[in-house]
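2 protein chains.
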Amino acid sequence: MDKAFASTPEPPYYAVIFSARRTEGDHGYEAMAKAMVDLALKQPGCLGAESTRGADGFGITVAYFTDEASIAAWKANDRHLTAQRLGQERWYSHYELRVAKVERAYSGPEGRGV
Amino acid sequence: MDKAFASTPEPPYYAVIFSARRTEGDHGYEAMAKAMVDLALKQPGCLGAESTRGADGFGITVAYFTDEASIAAWKANDRHLTAQRLGQERWYSHYELRVAKVERAYSGPEGRGV
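Protein chains in written order, with this note's numbering: chain L, 1 to 114; chain E, 1 to 114.
For the record, the hints were derived by calculation from the structure and aren't laboratory data. A quick note: this is a predicted structure, and the numbers were derived from the prediction, not measured. Don't take every hint at face value.
BS3-like cross-link-like pairs, simulated, lysine-lysine; straight-line CA separation at most 25 Å [to be verified]:
no.: 1; chain 1: L; residue 1: K75; chain 2: E; residue 2: K42
no.: 2; chain 1: L; residue 1: K75; chain 2: L; residue 2: K42
no.: 3; chain 1: E; residue 1: K101; chain 2: L; residue 2: K75
no.: 4; chain 1: L; residue 1: K101; chain 2: E; residue 2: K75
no.: 5; chain 1: E; residue 1: K101; chain 2: E; residue 2: K42
Extracted from the complex, chain L is given alone in its bound form (with noise of 0.2 Å):
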């Protein structure tokens, strides 16, 4: 399997759609990205998470998770806390987050088709 994408169960579940726009430079950002994806990934009730930058600076990362109150304690852990408080100060010029409801899901093209 392709580690870039998250092995998620069948719906309903949740999905956190994290889009930005990085500063320039990198500030410890890097270094701070890795260590909240696996700890995020170490989460109760997180599923997976699929992340990619162009070389533009604009990324993309979703975060999966089995329910609401699983996303509310990932937002409230305590390191998770200070990268967000880093994050708005150094790292990003603009950020978009969506908490949406995962309905339906498919993969291909060996899958079920789209």
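Fit chain E to the given chain L structure using the hints.
Frame of chain L, contents of chain E only:
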């Protein structure tokens, strides 16, 4: 406004989350991808789209729609059906497509906070 971001209304609305690994080589992909984004944005009910791909060929596109009927109409669009077929045959080694209902949304750092 940074044009990489979709300007979406207050929730609820729908997100179609498409994560995919590209095969090697272009094979007409870039031109079709651009045409499909342009076409999607003209569909009734399409609120916008966000898309990025890393150097490793893994990409995420999220398209936002007002409702399920708009998603169904876009799925059935003739030119989009052709693109879907070519995606399955040529462009993607694997993809995941998830349809989700956006329940809450935030923006920052200048916005309402996370």
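For which of the previously enumerated hints does the structure constitute a violation, in increasing order of number? Hint 1 contradicted; others consistent.
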